[in-house]
Every structure is written in C-alpha cells, then in structure tokens.
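Line by line, the protein sequences are chains A and B. Taking our numbering, the leading residue of the first sequence gets 1, the next gets one more, and so forth. Taking our numbering, the leading residue of the second sequence gets 1001, the next gets one more, and so forth.
Listed below are several chain B residues computed to face chain A (Cβ distance under 8 Å; list not exhaustive):
no., residue
1, A1072
2, F1312
3, H1382
4, A1389
In short, the hints are calculated from the structure, not lab data. For each residue, glycine too, the CB sits at the ideal point set by N, CA and C.
2 protein chains.
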Amino acid sequence: MVIKGFQFSAVEAAIKKAGRKDLALIYSEVPATAAAVFTTSAVKAAPVLVSSEHIAGGFAQALIVNSGNANACTGEPGMTVARETSHLVAGALGIDTTAVQVCSTGVIGVQMPMERIRTSIPALVDGLTSGTLDDIAQAIMTTDTFPKMEASGGQAGGVSYTVAGIAKGAGMIMPNMATMLSFIITDAAVEPTFLQQTFRRAVGTSFNAITVDGDMSTNDTCLIMANGMSGNPTITEGSPEGNAFAANLNDVLLSLAKQIVKDGEGATKFVEIRVSGAKNDTDAKRAAMAIANSSLVKTAFFGQDANWGRIFAAVGYSGAEVDQSLLSLHFDDVCMARNGIFAGEDAEARGSEVLKQKEFAVSVGLGIGSGTATVYTSDLTHEYISINADYRS
Amino acid sequence: MVIKGFQFSAVEAAIKKAGRKDLALIYSEVPATAAAVFTTSAVKAAPVLVSSEHIAGGFAQALIVNSGNANACTGEPGMTVARETSHLVAGALGIDTTAVQVCSTGVIGVQMPMERIRTSIPALVDGLTSGTLDDIAQAIMTTDTFPKMEASGGQAGGVSYTVAGIAKGAGMIMPNMATMLSFIITDAAVEPTFLQQTFRRAVGTSFNAITVDGDMSTNDTCLIMANGMSGNPTITEGSPEGNAFAANLNDVLLSLAKQIVKDGEGATKFVEIRVSGAKNDTDAKRAAMAIANSSLVKTAFFGQDANWGRIFAAVGYSGAEVDQSLLSLHFDDVCMARNGIFAGEDAEARGSEVLKQKEFAVSVGLGIGSGTATVYTSDLTHEYISINADYRS
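Generate coordinates for the entire structure from the input sequences, incorporating the hints supplied.
Shown next, in the form of structure tokens:
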C-alpha cells in the first residue's frame, strides 16, 4: 500500500514501560490540508488543546503521538510538554510548529516524562525513511489487543489515490468522540471545505456511532491529512469524484470504528443496534445509545439471554418519544416483540439462537415517525471488569 | 414496632417459582392520605399505569405487590391483570377499587399468571390478622440479598407516631426513580398537601440520589400512606412538628436508599459522591451522577485503584460547567488533586488506603459557584456481571 508523500516512524521511548514502541511520527513531505474532531469533554488533555490551536489554519504536516500517558489533568506542566514536543518535532523536520499535531493516550493525571520524549525525537525523525503505517498502528495501542487499520482506493481524473487510516481504542469509548485516536491520511488532493465537511459527516456515522462503556475520553482525536501528492485534480463537493471520495472515507472510518468495538475491552459480542420509526433521527440515536449503553442489556448479551424486556426498558428511559404499544423488536430476522408485547415462546428459542452468534443485529421499531439511527456496541463481560479494575498495575 | 391501624400479609403464589412468599398485602384499617412517585420512563408497567390512576384522588387503603413478574411490556392483557387484581383485593376488603395500589417487580415482558394471583387473594386477605411489615419486606425481594426496613418515631401534640418503610431493589437502580419499590407507612395524621410535598422532597435526596447501574426501571414506585390512627393533631407545614416529621421521613428514606446501594448487585463498596462549587445544584448533580455511573470509575473502585483521572474525565463529559484548572478531589480527607492536577505521590499511597475501606467518600470541588449535590453509588464487579448475565435462568 502506497500513500504518496507520507513517511512513518516509531521508537521505544519507554514512556510508561520499556519493551515496546510507544512514540510515533507521521510526516507528510508537503503541507497537507487537514481537519480534526476532538473530544467534547470539558476536561481536555493538553495535546488536545495544543492540537486544536494548531489545526485552526486548516493544515498539518506532521503528527507525533505517544501511548502510555494521556497528558491529561496535568495542568500547565502538561501544556508545556505538549508545546515543547510540537516545537522539537517542527525543529527537527524544518517545518512550522503549528504544522505539528500532538496526540497522547494512556493513563490520566500523571505528568509526562518529557526527557524521554526529548531524547527520542532525533531517532524518531531519523526513522522516517524506513517506517510503515503499521508501525504507527502498533505504537498507539494501549489495552487494544490488535492494531486497527483500513484502506480504500479511488480515482479522480484518471489518477489513483489511497485513503488509509489507523485507530486505537478499546475502553473509554463513547461519542462524541468515540475513538480515543484515529488518524486518516490520503494522497488525494481535496478541496479544504469539502474535506472538512465530508470528514465530519463520516465521523458522525462511524466513531460517533459506537460505544463500549459510555465513558468519553479527555483525549479523543480524529484527524485527517490530505497531501495531494497523488497529483489528481482537486476533488470537490457535488462531483462524482467527490461522492466517491466521501464513500471511500466512510468505508475507512466505519471499518476502523467497528474494529474498535470488536476490540472493546473484554468484548465477546459485536452488536449492531438499529432504531427506526422514531420521531426524528435525534430521537432514534437517543434510543439506540440508551440500548447500547445499558449495563443490563450488555450483560444479557454476554449471557446470551434473549431478555428483550431490558431493551424496551432502555428505550423507555432514553428520552426519545415512545408509545409503548407501538414498539417492535427483532434479533436479526427473528421478531421478539410487536405492539409492545412478546411475540411468543417460539421467538424466545429462536432469539436465543441469534444471541449465540458472535455478531448480530438488534432492530427496534418505534412506529412513530421516520427517524433512524444505527450504532455499534459490545457486551459487558467479566474480562471488562478485570481489565479496568487493574488497568494501571 | 407498632404502626397503628396497619395490617400485613404475605403468601406463596408461586408466580415465578415455588418455595417463597411472593405476593403481599398492606392494609390500612381506614383510608389513608397517600402520595406516590413513579418511574419517569416512557415504558411503564401496567401496575404503574393503574396505580397512578388510582392515587390521583390522594388516598389509598391497600397495596398489593408481587415479586417474580414485573407485568411490564405486557400490553392490554397486562392492564387487565393489574385492574382485575385491584378489583379483587377491593372486593375482598370491602373498599373502593381506586383505594388499592398495585405494584409488581421481576422479569419484564412475561404475561402475569393471573390465575395464581386470583386464587391466592383469599388467603392473602385472611392472613392480615397475623402478618408483619417484615413479611412484606421479604416478599418483595428479587435479587436483593437482604430485606430493607427502617423506622423512625416522633411526637405531635404529645401523641407518638411512627414512620416505617421498606424497600427492594438491587439492580436496575437509577433515578428518577431509583428504587424499584419502596413503601412508607405512618400512623401520623398529616395534612395532604404537606405530605405530598415533603415526600417528594425526601425522594429527591434519597431514592433519586442513588445509582447502581444507571438503568431506570419500568416499575419504580415509591408510595407513602399516612392513616392518622395515632390520633395526633394533624401535622402541617411550617410547624415544629412539620419540620420534625420531614426530618423523620428523610431519615427513613435515606436509610432505605443507602441500603439499596449497599445491596447493589455484586457491590463490594459503598461510595458517597459529593460535588460542591458547581454553578448550581443541577450542575452539581450532573457531575455527581456522571461519576457515580461511570463504568471506568466503578471498576477502579472495585480494583481499589486510586485512578483519580477517571473521576475528572467523568466530570468533564457530565455536561456540568467545568474549568479544569479549578478542579479538586478528595478521597475521604485525602487530597488527591487540586487546581486540576495531581496532589503528589504521597496522595497516591494514602488515597489507595482510603479505597481499601468498604465505605468511603469522594468529594469533587468545581470551584465555580455554590451548587452542591450528594449521590450514593457502588462499585462494578464480576458478581454484577454474573448476576445479570443469567438473571432469568
């Protein structure tokens, strides 16, 4: 896979512990059109604050990211670390400081060992000649059990381009933003406003449509860089090329988002929650998210228990407009309930079979309007408890 | 303990399974002034719909309650069951149907075996001569591991009265309403409007200030009956007797609410979350509830891990107005963070000691205004998963 004009590097900086690469760099040989979506939490990590300042101009050329320490709840010292990091990278690469994005993921509230970053940057920059995007996907993992990558290719004006992305995140997953970190790079030339809008839309139906545990992070960042090095005529909105690019981008983001849910901490099930017939799309998403975040629903998934009443209970408190006599529910194509009541004993047995699968869909009809939403979630398991009861040890 | 003019009975109706008393009756010898708070879910169980109709007149004389089946998501057949149940009880006791409150708790979505209720009501009414409030507390248990009771006594006009209450609920606990079921009875004579208002206020700071798993039930009901049989002069608002009654009521409700959290499914910790310095009380409660419902915070409690950053992360996404540089955090009297950053290594060790206790307080200061809130929560444990992954089996 070639994404023209991008270089990659990862080194072991031993930020939290030794033995793995935990500091990574993505570099574009030319300034790239860029857009980002950050956590909406009121408690933002220092790198989020610095990166959102830097991206205000709509471009970026480098991204430095570390795992092992979130640099969140670290006050002014944390801000100094994030600023110095971007400054050092800019100096080593000979680019503007504002062209550098800084991202961090890991434990919250611990000061970053700046010295280890400072001394690692020369080797990080030297490594750019030989690294791959896969190295970056590996380096940003925390409790992830596998690296998350996806790519899609297209053509514009007879010129081929690639859209590639990586992501990390397995816990503290909930919109908005859902992923802790995701970086998308493309060698396509894309009109800046169109890039920003189509990226935000794609984030809305991917990373903002997944939940593992309902906890939003202080560090969530989703970034795209389009450097135009494939040499295609600039892709614009409303054109066939624009539509194709948007579709490619959607594919990459949705694949990455689903990978995050499949790697949800302790997850044994991947569940697609579809809500239709809501008053509007907002209500549909409320209902879908209430189901997706319900501990009782998620433990029932884990137990492979067709306890459909818990799903209606979640819809009931979601805040969506509901007429309980109109509710319907399917597990895959098995009707579990219609008109608000149980579809019968046969449904119980058949619904239980659906829940034994590793992946299935839960479809709820509200019967009121035409609002729809789809979100993705995992089950809640013993392993989730084990991972999070001693994440730091 | 004597609560004058109240009688109690419980029988085995084998609604879900045999071997325990699962149908209970509370009867006041005279019509009682009554008030109730029901689930705010849009998916309401049939007994909630029927009871809220019946209590509109402000009085009640009997309460029939079953465990094992929630009679929720049961449609018209469920409504017929709830109506027939109240009708049969009224007939057997010779009172108005609207004087009967009906409550159910248990599995959702299964039709109630009406025949078992119908045939059990004569024995239930016959048993009133010999039952106790404790029998009722036992009969309403589902996944509860202990019955929940509290009583408090007072005087008005030189006449002693008692306020006694029972509750059940261990999962699906979240305001509003928090408890699945709680029944308060008093032999005091209380002015109806004052009773209603003081009861609602007490519910707000007790049952609506607890959370176990963030799931609100379809059946939540909190009911008070005041039958005046102690013979005291009617207690009114603004009087010393009124204030004393309100305090007694608060004590009983708060004790019951705390018992529910302590019996939270799989809980090993009881945690008081106090938020102060918020823009207003609403913001304070938002922040407190976000902490209390965070799976990551609750698993950290279980792991006895002083992972304070997760608490600030929860405050950050709570929706409360937050300036992260002003945040402070204490575990009991140990300062974990101030001005948004870690208070130091010593705090880590001392904070971990606090978390080893079975009960402790988490206090967050927002440093913005004078809004405060206190909520109560439990940890999230392996046992919670075990209980809920196979609750129905």
